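Protein sequence lines, in the order shown, are assigned to chains L and W. If you're matching positions, the first sequence starts at 14 in the working numbering and goes up one per residue. If you're matching positions, the second sequence starts at 144 in the working numbering and goes up one per residue.
For the record, the hints were derived by calculation from the structure and aren't laboratory data. One thing to keep in mind: the hints can contain errors.
[Claimed, not checked] Some chain W residues judged to face chain L by a derived CB distance under 8 Å, without partners named:
(1) Phe238
(2) Glu240
(3) Ser243
(4) Leu245
(5) Phe253
(6) Arg260
(7) Ala287
(8) Leu290
(9) Ser291
(10) Phe295
(11) Ser298
(12) Arg403
(13) Thr405
(14) Glu406
(15) Arg407
[Said to hold, decoys possible] A few chain W residues that don't get close to chain L, going by computed Cβ distances all over 12 Å:
(16) Arg164
(17) Ala175
(18) Lys205
(19) Gly215
(20) Arg226
(21) Pro241
(22) Asn246
(23) Glu257
(24) Val258
(25) Gln261
Only a predicted model underlies this, so the values are computations on that prediction, with no experimental measurement involved. In this text, a Cβ means the ideal position worked out from N, Cα and C, and glycines have one as well.
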Amino acid sequence: MLRFFLSRLLTFIPTFIGVTLVSFAFIRLLPGDPIIVMAGERGLTDERYAELQEKFGFDRPLAVQFWEYLTGVVQGDLGESFVTNRPVWDEFFALFPATLELSICAIIIAILLGIPAGVIAAVNRGKFFDRALMSTALVGYSMPIFWWALLLIIVFSGNLGWTPVSGRIDLLYFFDDVTGFMLIDSLLSGQDGAFRSAARHLILPSIVLATIPLAVIARQTRSAMLEVLSEDYIRTARAKGLSSGRVNGLHALRNAMIPVITVIGLSVGTLMAGAILTESIFSWPGIGKWMVDSIFRRDYPVVQGGLLLIALIVMLVNLIVDLLYGLINPRIRHRE
Amino acid sequence: MSLLRIRNLSVDFQTSGGLFRAVDSVDLEVNAGDILAIVGESGSGKSVSMLAAMGLLPWSAKVTADEISFDGTDLGGLRGSARRKLIGRDMSMIFQEPMSSLNPCFTIGFQIKEVLRQHLGLKGSAATDRAIELLDMVGIPDPARRLSAFPFQLSGGMNQRVMIAIAIACTPRLLIADEPTTALDVTIQAQILELLTGLQAETGMGLILITHDMGVVAETAERVSVQYAGQKVEEQPVIDLFDRPQHPYTAALLAALPERATERRLPTIPGAVPGAFDRPQGCLFSPRCRYADETCRTVAPPVQSAALGWARCHYPLSATEGVIAEETAQ
């Protein structure tokens with residue numbers, strides 16, 4: 014297991030360099046000049062422009078710029094934002110808990126609803142429940158996130174007035190960041206109604222962000238379950254006189270979880286992509302919104318650093334998923 | 144009262160080409176202490192009829208029967224939890240592929256103790272002790288350590304022993320063994336059969352052995368039921384069946400045994416078992432039968448008397464040879 018873990022860590026290195034290169038290249042391929050954007054409507058003189066170009070190092074060849082960036086990254090220096098002059102690292106960690114909180118809630122919703130939906134559909138294959146659940150999943154998967162978010166806002170915030178439209182908590186409440194998770198911090202603050210407010214703010218963005226992973230997980234669970242349900246050992250489990258809940262929920266699901274876990278791991282990438290849209294729509298102060306804002310501002314270090322850190326998270330999650338296989342499937346665990 | 148009694152059982156499968164009849168009006172009766180062998184080629188419906196009795200057929204199967212009863216309890220009328228109290232406890236089954244019949248994600252110990260808990264309420268060390276005892280009974284060395292092994296860490300023969308341990312965990316009154324040795328080496332086959340018959344003699348349970356191996360039948364069974372294309376074509380005590388087969392199909396099967404061959408080339412039965420689309424009109428065996436005439440090809444054969452081995456045949460072999468006539472004359 015340790016060898017497996019280390020060999021997987023080694024594959025991080027080329028991936029990491031690749032991601033750095035791609036993020037470095039893409040932001041420079043976008044039309045627009047960060048110095049012009051920074052200067053705003055007032056514009057600036059040619060001398061000042063040349064001065065700033067030299068300051069940020071844009072006057073040097075791209076290869077040199079990349080090499081300097083890469084050596085900085087390896088030493089843990091992601092540079093500073095052009096706009097705020099704060100280190101990218103600091104900005105990321107100030108905003109990341111908001112995204113993490115949203116993503117965790119979304120993935121929990123997706124798992125808690127997606128897996129049972131898939132199991133129910135598989136057990137009732139071809140019947141009403143199966144068709145209803147799978148058509149719903151297809152709709153959920155196909156729906157553009159921004160449109161779905163607007164629909165929910167119109168119904169639940171606009172018509173019904175149940176949930177707020179944006180932000181993480183009512184302005185009424187104010188307390189220090191302890192964990193960065195609004196749900197936990199609001200509880201810790203002990204302020205009356207703070208937790209309720211945080212939860213109400215969280216619910217719609219979580220649902221929106223959960224929709225695609227939920228649909229994917231449900232469909233994957235169904236197909237994995239269908240395959241497992243025709244296995245000989247399921248017949249054995251039924252021949253033991255076990256209840257159908259135990260046969261489906263334990264004997265079958267445990268085996269069906271392996272492909273499902275893979276999909277959950279891959280969904281984390283989708284979540285990060287989805288977070289960018291979801292956070293922008295709900296004005297959620299996380300890294301998704303931060304990235305979008307930075308792209309518009311041509312804030313190169315932020316976009317590069319942000320992409321790099323997101324890629325790192327996705328890679329780490331998939332490494333954890335690989336380790337989870339061993340927990341679920343003894344055949345992988347014992348192959349040392 | 145018979146342990147398992149099946150009257151006029153039919154099983155149809157819903158396929159894309161319409162209904163396929165896998166089991167066609169089969170009767171069967173097993174008493175406590177009986178060893179009944181069900182023989183037939185692949186696709187003769189022998190496994191399906193037993194899976195129907197256990198209630199283990201997939202949703203695409205449609206089961207109809209005048210009676211399926213276990214020790215007087217009508218299984219057809221039992222639903223859900225009532226049936227599950229019987230299955231795995233009083234009536235259990237082992238399968239053909241031991242390597243795939245155990246769940247790869249759970250230890251042997253877990254899979255044995257699960258039944259003990261389900262039916263006997265045994266937990267903790269009581270369940271562990273009983274599980275070790277069971278593994279010992281089925282001849283697994285070092286049983287206490289094997290409890291934490293996973294199925295993929297054991298051989299096929301060992302896994303089949305584990306399956307048997309699970310099946311006999313609650314001292315069932317009827318054990319159905321569905322080709323338990325087909326997937327195993329010849330030496331292991333003999334061991335497993337010995338184990339099964341030994342356990343049967345020890346506990347006095349009924350044993351149904353599904354097989355296509357006439358050698359296995361001769362060694363273990365007391366009574367034999369021969370199935371062909373979903374129908375029972377003959378049933379006799381094992382000695383009589385080998386001595387005087389009544390149905391031409393049984394006779395042809397026996398003639399194909401290497402031990403009985405008199406010529407250099409092994410006799411075979413020409414043709415194949417009819418499928419869903421080429422079912423003959425009269426006797427299902429008629430296209431492959433050397434004795435078949437026009438009646439056989441057009442009229443479904445009657446079931447003959449017990450003396451004629453309940454043969455489903457217009458012309459049972461003894462009757463055509465005049466043996467019966469002689470016997471009655473004496």
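If you test the structure against every hint from before, which numbers come out violated? 5, 6, 7, 8, 9, 11, 12, 13, 14, 15, 20, 21, 22, 23, 24, 25
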